[in-house]
Amino acid sequence: MQLDLAVEDRKPVTFAEVSEPLVEVRDLSVKFVSREAVNRAVNGVSFSLAPSEVLCIIGESGSGKSVTMRALMKLLPPKRTVIEGGMRVGPHDIVKMREADMRAVRGSAISMIFQEPMTALDPVYTIGDQIAETVMRHQKIGRGAAMERALELLKLVRVPSPERRLKAYPHELSGGLRQRAMIAVALSCNPQLLLADEPTTALDATVQIQVLVLLRRLQQELGMAVIFVTHDLGVAAQIADKVAVMYAGRIVEYGAVADVMMKPRHPYTVGMLASTVHGHMRGHDIDAIPGSPPDLRKPIVGCSFAPRCKVVSAVCQTHSPPTKSFGNGQYAACFHAE
Amino acid sequence: MSAFDFIGADLISQEEPQAASLDERDRGGKQQPMLIVNGLRKYFPIRSGILQRHVGDVKAVDDVSFSVLKGETLGIVGESGCGKSTLARLLMHLIPSDSGEMIFDGDPVGGMRGLSLRDLRRNMQMVFQDSYSSLNPRLPVQDSVAYGPRVHGMSRTDAMDLACDLLDKVGLRAAMFGARYPHELSGGQKQRVNIARALALNPRMIILDEAVSALDKSVEAQVLNLLGHLKREFNLTYVFISHDLNVVQYISDRVLVMYLGQVVEIGSVDAIYDTPLHPYSRALLDSRLSMDPDDRMTEPPISGDPPNPVNPPSGCRFRTRCAFAETVCAAEAPSLSQAGPDHFVACHMVRRGSGHSRLLS
Amino acid sequence: MTDVSAFRLPLFRRKREAREVRGYWASVANRLRYDYVTLFFLAIILTIVLLSIFAPLLAPFDPTKTSMAYRMKPMGFRNFILGTDELGRDMLSRLLWGGRTSLMMGLVPVAAATVIGGLLGVIAGFRGGWVNSAIMRTMDVFYAFPSVLLAVAISGTLGGGSKNGMIALTLVFIPSICRIAESATTQVRSLDFVEAARASGASTLSIIWHHILGNVLGPVFIFASSMISVSILLGSGLSFLGLGVEPPTPDWGLMLSTLRAGIYVQPLVCALPGVAIFITSLSFNLVSDGLRQAMDVKA
Chain A
431 MQLDLAVEDR KPVTFAEVSE PLVEVRDLSV KFVSREAVNR AVNGVSFSLA PSEVLCIIGE
491 SGSGKSVTMR ALMKLLPPKR TVIEGGMRVG PHDIVKMREA DMRAVRGSAI SMIFQEPMTA
551 LDPVYTIGDQ IAETVMRHQK IGRGAAMERA LELLKLVRVP SPERRLKAYP HELSGGLRQR
611 AMIAVALSCN PQLLLADEPT TALDATVQIQ VLVLLRRLQQ ELGMAVIFVT HDLGVAAQIA
671 DKVAVMYAGR IVEYGAVADV MMKPRHPYTV GMLASTVHGH MRGHDIDAIP GSPPDLRKPI
731 VGCSFAPRCK VVSAVCQTHS PPTKSFGNGQ YAACFHAE
Chain B
158 MSAFDFIGAD LISQEEPQAA SLDERDRGGK QQPMLIVNGL RKYFPIRSGI LQRHVGDVKA
218 VDDVSFSVLK GETLGIVGES GCGKSTLARL LMHLIPSDSG EMIFDGDPVG GMRGLSLRDL
278 RRNMQMVFQD SYSSLNPRLP VQDSVAYGPR VHGMSRTDAM DLACDLLDKV GLRAAMFGAR
338 YPHELSGGQK QRVNIARALA LNPRMIILDE AVSALDKSVE AQVLNLLGHL KREFNLTYVF
398 ISHDLNVVQY ISDRVLVMYL GQVVEIGSVD AIYDTPLHPY SRALLDSRLS MDPDDRMTEP
458 PISGDPPNPV NPPSGCRFRT RCAFAETVCA AEAPSLSQAG PDHFVACHMV RRGSGHSRLL
518 S
Chain C
96 MTDVSAFRLP LFRRKREARE VRGYWASVAN RLRYDYVTLF FLAIILTIVL LSIFAPLLAP
156 FDPTKTSMAY RMKPMGFRNF ILGTDELGRD MLSRLLWGGR TSLMMGLVPV AAATVIGGLL
216 GVIAGFRGGW VNSAIMRTMD VFYAFPSVLL AVAISGTLGG GSKNGMIALT LVFIPSICRI
276 AESATTQVRS LDFVEAARAS GASTLSIIWH HILGNVLGPV FIFASSMISV SILLGSGLSF
336 LGLGVEPPTP DWGLMLSTLR AGIYVQPLVC ALPGVAIFIT SLSFNLVSDG LRQAMDVKA
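Residue numbers (my numbering), protein chains in the order written: chain A, 431 to 768; chain B, 158 to 518; chain C, 96 to 394.
It is worth saying that the hints were derived from the structure and are not from the lab. Any given hint could turn out to be false.
[As the list claims (entries may be wrong)] Only some residues are given here: those of chain C computed to face chain B with a beta carbon under 8 Å:
1) G254
2) G255
3) S257
4) L286
5) A294
[What the hints assert, rightly or not] With a Cα cut of at most 30 Å, we get these calculated BS3-like pairs of lysine-lysine:
6) A:K740 - B:K326
7) B:K216 - A:K740
8) A:K597 - B:K216
9) A:K740 - A:K754
10) B:K216 - A:K728
Since the structure is predicted, the reported quantities are computational estimates derived from the model, not experimental observations. Cβ atoms here follow ideal geometry from the backbone N, Cα and C, with glycine treated the same way.
Looking at chain A on its own, in the form it has when it is part of the complex (with noise of 0.2 Å):
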């Protein structure tokens, strides 16, 4: 996507963005490089974000929706990884960025919350204990107050009675709950912005709507950026301001959400709201998408997408799609948008 255009554009659209953005991330491209091949898993994607703004990240497995969203944290493996472009959030260059400098930012102005609670906290200490840890290793505050700070995230992040759950081991809560108190080791240290993995495709109908409207206000009481990934439409038009459409480690379309979610311009974007699944199509075949994702280990000539794509024509083959902007700060990267 070209970015220059995209954030030019933007700026006198929508109020959000008077300020500076908080994220911009420019032409990034990962490869994950092994002996058999090489993986283009993310190819030349450009966003930004405003403070206070949420974008969801829409995307199949394999999309690179949750590789760029590593690389913003720098979470991937360094020794296999190449990573090229520019990344910012806030005064930190990512990219350059070393190691030990990148263990400050992490916890506290990026913070992260996964798809499996378990994984994310450690089972051999207390809820309580995990949270305080995090504050202790960022604010230069005593145990007290740690402990204090911990309880008062449990009530943020509406635990039913924070003192005693204060005290529980991970394994000792429910789904719900320890994704809330992982939503709370996240939020203890105030951070710009949260990045979110999934953090809802593993929980139950009727705990995902908790969890969805809970980041969603908690979001708005505090004031933070999110990056939201998810493979869910019904989540995205829930949760983000701002949504981005991956396909193939590239964005192939972005906006508003209304705009997106009502008036796709994409093939992609229209054929994955026209497959996802409605009681009201009984009997009536769905409309899929043929075929499945392109193997990214080889190269690709072309739109990535044209192989499963309806209204694919010759050109389509042989050049990369332009960026197409439609002036209400939706953009489509495909020949036949309109």
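Take the given structure of chain A and dock chains B and C to it, following the hints.
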């Protein structure tokens, strides 16, 4: 009283539901349900300490009764821990049940004169959730598909031909994919192989346990279409277990809602989705996410997680999360009562004279 | 209802096209092809094996022919390329012949233990319950002793000789291999594809043969290959202590033991059996390591 009594009585007189063209394997006739499950129960004992003392039970499936009609798709929904996967394994007899009976097309399963397990499994197959473990990593996928028929005595070449045929049927070109190993296939392709494997014994009924849950949306749609085509082509009956309410509504003719090991509501898909009566079914349906960004939920329909199936609440198991709970709910467990032509609900609010102050329906 | 043919789908015979896709073992071989370290040591092992097999043809002298005149000669003395030992026997011939016994001591016990231990482990893992407890607790008893001590104790009880030495080593290796097989089987047994096989009506034996063994063999094989070097060392150790191979049969461990006395006269010559043991066991170890890496295919 069990659901079976109602449903058995009611639906048999009903006008031919999903007309299943009679196939030669049919034994009980059109009106005989494909499967009747009555009072099925499975408790997993919890033991602790050195002496392995029995300290409690996980009541995974507790007195579950329902029937599956010929040619229909019965959707089973519920949250994690509600016992739906245990139920699937009980139906396949992969784990022994503590009590309860199953009648397959008029024949009782097990016992001296009943249908043998081997025969049951030829008539009833299961598709597991796609995961790294659903296919043997050391076998080419066509061998995995051919394995079942081989076990039942088909010759190797015949079984291989059948496997290739089925792979083609599920949309994988056998010449290209048959010799591949599972790690060389994508999630959707593996799930197609799983489906081909279930079809290999030419079953009449297939249990699909979260069969599309792990797939990406675009692939999920493809597999759902495939399941629809196969159902028509092979005259199949499905039990479709999922936590995804949209998918269940799309594919099912009738729906069963489970909560903590029990059936709370069962009925036709329209009855359940248009007029859900059980407070849990309503909460579950209200939790579906709207695709419209302007229609955002500000208050979750229900708070808290499903409680632990060890030592569930007394009386109605849902009462701890229910907005309408009264004393009668703690004292007495509601049984399934009829609320419509094909609609049964286990809630005191549905039955007149139950002692609850409200009356629904 | 039990007639299989009634359940067959209409089908037509087809020619299966050539398999263009790599199988598991082919992909393992492909990975090994680029692992030059492993290939190098594999070549060394092959050389040692070939030298041992063709020892009767290659050895310049009779390995048991003594000579009082040529005792403890240095390398390159007359026709003795690697010198002579304390009884004047040609070192090169003895090393070549000794390789046979030492390799036998390395391979046979491990192979026997893999079969026996693997079988016991798979049974224990698949059956579970009291069968598992009975087998695994018995193994634990053996496991409690240090392997050297156990080998010495068993072959001490059975008496000397290379056959008894091998039996002792086999018994030493069974528990650890059994444990590996048991844990791998327990893991595989609970996976969905095994459930699916049961759901298709397969018998226990068929499931073990088609679905369990293939997945258990890998880890067991890797572990067993790392045991070969241990076995060679232990076998040499037994011979060194006089419990394994009996003189005058050439064996590297035994040679090392008897040449102790000459270490101040011809240190280089006396070190040769030790060097042979070292190179052989190191090679087996590194090849086993490389094999483990190559077989670690992410499914």
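| query | When the hints from earlier in the document are held up against this structure, which numbers fail? | reply | Result: hints 1, 2, 3, 7, 10 break, sorted rising.
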